[in-house]
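Read top to bottom, the protein sequences are chains W and U. Be aware that the first sequence starts at 1, since it is given in my numbering, and climbs by one per residue. Be aware that the second sequence starts at 1, since it is given in my numbering, and climbs by one per residue.
Hints were generated in silico from the structure; no laboratory data involved. Glycine included, every Cβ here is placed at the ideal spot set by N, Cα and C. One should not assume that every hint holds.
[Claimed, not checked] Sample of chain W residues at the chain U side, in silico, Cβ under 8 Å:
#1 LEU47
#2 ASN121
#3 ILE124
#4 ILE153
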Amino acid sequence: MKIEADGFSFSFTDAIDAFIFDEKYKNQSHYHGLSQAMKAVDIIVELENDYLFIEVNDFYAPDDYNFQSAVNDEDKKEKRSHFNHLLEVLKYKYRDTWLYRWAENKTDKPIVYLCLLTLDNAMISALNNELRRQLPIGKAGPRWNREMARSCIVVNIERFHRHFPNWQVTRIKQDA
Amino acid sequence: MLEKIKFEKFTAFDSLEIPLSTGINIFIGANGTGKTHILKAIYVTCDITTSQKSLAEKINRVFLPSGEQMVRLIKKSKTPLSGYFEVTRRIANKSITIRFSLKNHLKKPTTLSGAYKQWLEHSLESVYIPVKDMMANAPGFRSLYNLRHIHFEEVYADIIDRVFLDTLRAPTDRKRKKLLTILQHAMAGKIISKNEEFFLKNKQGELEFTLLAEGIRKLGLLWILIQNGTLNNGAILCWDEPETNLNPKLMSIVVEILLELQRLGVQIFLSTHDYVILKEFDLQAKNTDILLFHSLYRNHDEIEVSSTKHYLNISPNVIDESFGSLVDREIDKSMGNIGK
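Throw the hints in and build the complete structure from the sequences for me.
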């Protein structure tokens, strides 16, 4: 099953269904219709036992988020603020998507959040820790009987290729 | 300026040739890929031009083979018969090379060849900053090292000698003053010495080095080497793992200073395991700065090198891969068999 999002082409060989979640065209079967009110991940994939929420971001200037390598306090503050903003965006995209799917009655399988970002491994590692904590994953609340997200993982293209041999991702060539 | 270093059956290396940048050379690689050996080989060939010591003796004191048996520096193999390393430098638009060879079966195991006389005629100021700080241990160490045959790599004694050099007679120029000011700001003071003991001096008084954080001692060491003119145009700086005991904030200052020293004409050789230092160079370097990243790696048990001017092209990048390995384990833990 092939699908394109944010400059990348995906192929999910083991998927039951895969579609652009934030579909803007009314004539499409997965038309979202609430883009003005709710944030949305790029792709939803239905697997036999899980749903995948996939968010894709191809950064023009990845170092803008790299607070670990800031050259001074001001730079660190600015980069940390970009990093925190990215975390917020990723977090609320997931949560709004989950709400939408709950209203659709489509939260019947565990949900895994997969973010494909063009960042280096050190940045990916830092994002993984914080996003997992903030989403949050598992039965995080002391009174929770259900989980909102089974797990969440941030990968770059190299990690995607290495860990998901059943799925392919390629960058779509842009016309000059 | 050094142009090239080549090893053949020497210490960890089978056969390795590394082109050297006239600016900053950064060596990365896993433990045991010979980063420190490269720095030491560079340093000894430079140091003899000012100390006028024999190269064999210097190598013996810096590499410290057991029982001072220099043949132990030949790469271990079934038939370890001989090995050498050679360094090429440029003097007055001409490249000259010296070679230090070791042979296992000769009574005199070491030989020197190449343009050795010419090499010594042109002095090359050099500094080797070892991993461990020696500034706090300076009192008495020099005399002890000179009097007794203590088992210490000579780089530790040499760095103390360098910091006790007299201040340059010529007035400090504007560019060096700028560097000293940056360091003074970061350390909140200047460095003074009394009877071989160092202190950080500021408005509050004088604080002995033993009570200072190691990161601040490193900045203090740089301050002295710049102030006394050791790190001047044409000098060679070898620094083994500058990141040790340095927090990332101070690292940005160190990188700023190193880039400035390179602009002043100091040729620099660093080894590092640190992500922050690599990224600092990537982010702070201007297009006109001259950087060369050397990635050392094992291929079928032989150490090879891949050199590139651009951070993103470093391959293999063992530092990034160490984060990658953490991410791999996180993915495995989070995703189980999904997608496989």
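(message) The hint names ILE153 (chain W) as touching chain U; please verify it with the least Cβ-Cβ distance against 8 Å.
(response) holds, 5 Å
(request) Please verify that hint: ASN121 (chain W), Cβ, nearest Cβ of chain U, below 8 Å or not. (result) holds, 4 Å
(message) Less than 8 Å between beta-carbons is the criterion; does LEU47 (chain W) satisfy it with respect to chain U?
(response) Because about 7 Å separates LEU47 (chain W) from the closest Cβ in chain U, which is inside the 8 Å limit, the hint holds.
(message) Using the nearest Cβ pair, does ILE124 (chain W) come within less than 8 Å of chain U?
(response) holds, 5 Å
When the structure is compared with the earlier hints, no violation turns up for any of them.
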